[in-house]
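Between the sequences and the hints, there should be enough to build the whole structure, so can you do that?
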Amino acid sequence: MAGTAVRGRLTWQVATVTSVRRETDSVATIALDVPDWPGHQAGQHLDVRLTDEDGYSAERSYSIAAADGEPVAITVERLADGEVSSYLTEELRAGDQLELRGPIGRWFVWGPDDGGPLLLVAGGSGVVPLRAILRHRQRTGSDVPARLLYSSRTLADVIYRSELDQYGDGAEVIYTLTRSQPPGWTGYSGRVDAAMLARVAWPAAEHPLAFVCGPTRFVEAVAGNLVAAGYPAGRVRTERFGGT
Amino acid sequence: MELDGNAIGGLLHQVFGSDLTADLVICATCGASGPVAETVTYLRGPGVVVRCRTCSSVLMVISQIRGVSCVDLRGVAELSPGSYR
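In order, the protein sequences belong to chains A and B.
Position 174 of the first sequence, counted from 1, bears residue number 214 in this note's numbering, the numbering being contiguous throughout.
Position 31 of the second sequence, counted from 1, bears residue number 41 in this note's numbering, the numbering being contiguous throughout.
If you're looking for bench data, these hints aren't it; they were derived computationally from the structure.
It is possible that some hints are incorrect.
What the hints assert, rightly or not - Ranges of calculated distance between the beta carbons of each label pair, as one might list FRET restraints: (1) A:T56 to B:G55: 30 to 38 Å; (2) B:S73 to A:G155: 35 to 43 Å; (3) B:S66 to A:R89: 24 to 32 Å; (4) A:G95 to B:A42: 35 to 43 Å; (5) B:G55 to A:E246: 35 to 43 Å; (6) A:D121 to B:A42: 30 to 38 Å; (7) B:G27 to A:R275: 42 to 50 Å; (8) B:V78 to A:T180: 38 to 46 Å; (9) B:C40 to A:R133: 46 to 54 Å; (10) A:G79 to B:M11: 25 to 33 Å; (11) A:T91 to B:R54: 15 to 23 Å.
Virtual Cβ for every residue (Gly too), placed ideally from N, Cα, C.
Okay, structure coming up:
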């Protein structure tokens with residue numbers, strides 16, 4: 041039984057890249073075949089470990105972009121000076137192998153039984169686990185109302201745009217662009233602040249459940265504003281990322 | 011780089027044998043409680059430092075040397091498996 045994951049233990053295993061899809065100039069989605077994958081929940085992440093010929097290794101965490109039951113995929117943004125993200129987004133090809141372990145996380149996860157209404161707030165590539173949640177909501181036929189407020193620098197930086205633009209059926213996607221807006225832009229402009237949340241977020245009286253994912257400062261600001269607007273802290277789940 | 015407890019979910023699972031991110035942690039310094047996922051974490055030091063989001067006291071330090079993990083829970087009053095959600 042060598043190579044078989046022991047139930048309950050988190051073991052490193054070798055996955056094979058099945059495809060690499062470019063999402064934006066700096067973002068790619070990597071689909072993976074993981075032989076011993078135990079299944080995952082929307083919102084979870086996995087750890088990737090790269091080891092070079094000298095034995096130097098680096099580990100990074102990436103959110104799973106796929107809904108429960110879909111083949112594993114991660115969406116990776118190339119960071120300036122990012123030794124792991126540069127390799128994953130620029131050099132990796134179908135057929136290559138990667139070491140990973142997962143799925144990880146039981147807090148930043150959503151299933152239809154968790155209810156809503158759902159408020160999802162994403163900063164940049166923080167949209168990845170929230171995309172998995174929206175896909176899971178749709179695949180399960182959930183009627184929980186959902187709104188995604190997604191902050192990007194420019195329209196060209198929006199990840200999954202064609203997919204997100206197709207949502208209906210009780211799921212709304214609202215964009216804000218912080219750096220520049222194309223002519224005729226009808227979405228929001230500027231950073232997510234208290235005034236924008238007052239217009240977009242479900243009123244606290246509707247007992248919403250919020251998931252906020254993005255860079256640390258983005259998450260702090262949004263979560264702080266939601267709590268100030270009456271969201272109980274326990275109903276605002278957060279996940280912060282940054283280059284490590 | 012300041013992150014949160016989600017970022018050390020894999021490390022905690024490796025060390026403790028289960029996913030602790032939704033577990034309740036109580037700070038021994040100020041008594042604040044919340045899920046491990048909402049703690050403040052620093053991954054860049056010589057070891058991982060976990061701090062209380064309310065009072066910033068150190069809750070845990072986890073260092074790994076040559077495959078051996080050293081876990082210091084000095085600032086944790088209580089860690090309750092799976093009880094928060």
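Has the hinted range 38 to 46 Å been met by the Cβ atoms of B:V78 and A:T180? The hint (38 to 46 Å, Cβ to Cβ) holds, given that B:V78 and A:T180 are roughly 43 Å apart.
Is it true that the C-beta distance of A:T56 to B:G55 lies inside 30 to 38 Å, as the hint says? Because 34 Å falls inside the window, the suggested range holds.
Taking 25 to 33 Å as the stated bounds, is the beta-carbon spacing between A:G79 and B:M11 within them? The hint (25 to 33 Å, Cβ to Cβ) holds, given that A:G79 and B:M11 are roughly 30 Å apart.
Taking the CB of B:S66 and the CB of A:R89, does the distance hold inside 24 to 32 Å? holds (30 Å)
Is 35 to 43 Å a correct range for the gap between the Cβ atoms of A:G95 and B:A42? holds (41 Å)
For B:G27 and A:R275, compare the CB-CB distance with the range 42 to 50 Å and indicate the outcome. violated (29 Å)
46 to 54 Å as the expected CB spacing between A:R133 and B:C40, which holds or is violated: holds (50 Å)
Could one say that the CB atoms of A:T91 and B:R54 fall in the range 15 to 23 Å? holds (20 Å)
Range hint 35 to 43 Å (beta carbons of B:S73 and A:G155) holds or violated: holds (40 Å)
C-beta pair B:G55, A:E246: status relative to the range 35 to 43 Å that was hinted: The hinted range 35 to 43 Å holds for B:G55 and A:E246, with Cβ atoms some 42 Å apart.
Satisfaction of the hinted span 30 to 38 Å by the C-beta atoms belonging to A:D121 and B:A42: holds (35 Å)
Figure legend: structure checked against the earlier numbered hints; the only hint not met is number 7.
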